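J.: Same order as they appear, the protein sequences are chains A and B. Residue numbering for the first sequence follows our numbering, starting at 1 and increasing by one per position. Residue numbering for the second sequence follows our numbering, starting at 1 and increasing by one per position.
Nothing false has been slipped in among the hints.
Only pairs whose alpha carbons sit at most 27 Å apart, straight line, appear in this in silico DSSO-like list of lysine-lysine:
1. B:K9 / B:K82
2. A:K41 / B:K129
3. A:K53 / A:K39
4. A:K67 / A:K39
5. B:K82 / A:K39
6. A:K53 / A:K36
7. B:K9 / B:K139
8. B:K82 / A:K41
9. A:K13 / A:K36
10. A:K13 / A:K41
11. B:K139 / A:K41
12. B:K82 / B:K129
13. A:K53 / A:K15
14. A:K15 / A:K36
15. B:K139 / A:K39
16. B:K139 / A:K36
Since the hints were made in silico from the structure, they are not lab data. Nothing here was measured: the structure is a model prediction, and the numbers come from that model.
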Amino acid sequence: MAIVVNLDVMLAKRKLSSGELAAKVGITQANLSILKTGKAKAVRFSTLDAICKALDCQPGDILEYQKEEL
Amino acid sequence: MYTSVTSAKLTRVLTAGFCVLLLALMILFPRLLAFYFAYLDVALRHKVMFAFYLCCPAAGTALVSILLLMTNIIHDRVFTAKTVFFMRLLSWCCAWVAAVCLGFGFFWAPLLVFALGAAFMTLILRVLKSVLARAVAIKEENELTI
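Here chain A stands alone, though its shape is the one from the complex (with noise of 0.2 Å):
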């Protein structure tokens, strides 16, 4: 999929574990890897909402748009 999720940065940034962030956005830890390691398949507002909440940050920190090689 082209759209990177770039949560490790901004979770380095905001001094955050990847527990601490599940537990403040209110999904699970495996939930969070499904979306860290680019298997999610979509991602709700609601969620979106809670991260940006979360992470003080804007969607565009953690959404990235790669073009995929042909």
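With chain A fixed as given, assemble chain B onto it according to the hints.
T.: Using the frame of chain A, we list chain B on its own:
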């Protein structure tokens, strides 16, 4: 109380019964054929018997598939790739029976009715398999929606 699990268990019991029936038929078929279809000449009876025994592996495979499918359903493993595989296998078993009955129907016409029935079952099973495959894909997408 009658639930979906009870229903699946009942289907499993009935399928096991059908397995026993199939085994009994495989043993007794020549005698039953000689008794009920004595008016047929020996050569034709042999052809019908051959057709029946050609269908037996497909019937056995179908029954085992149903048993395994029902076991998965009882253990809440419904929308999985394995379920789609069993449905596909069931459709191929019906297709095999339809093909055998169609081939031997040229020797004994009543087999053409079985061929038609089996072909229709194949069609229904193919449609159900497609619906299930799509359901599995949608479920996977939902599971990977965070």
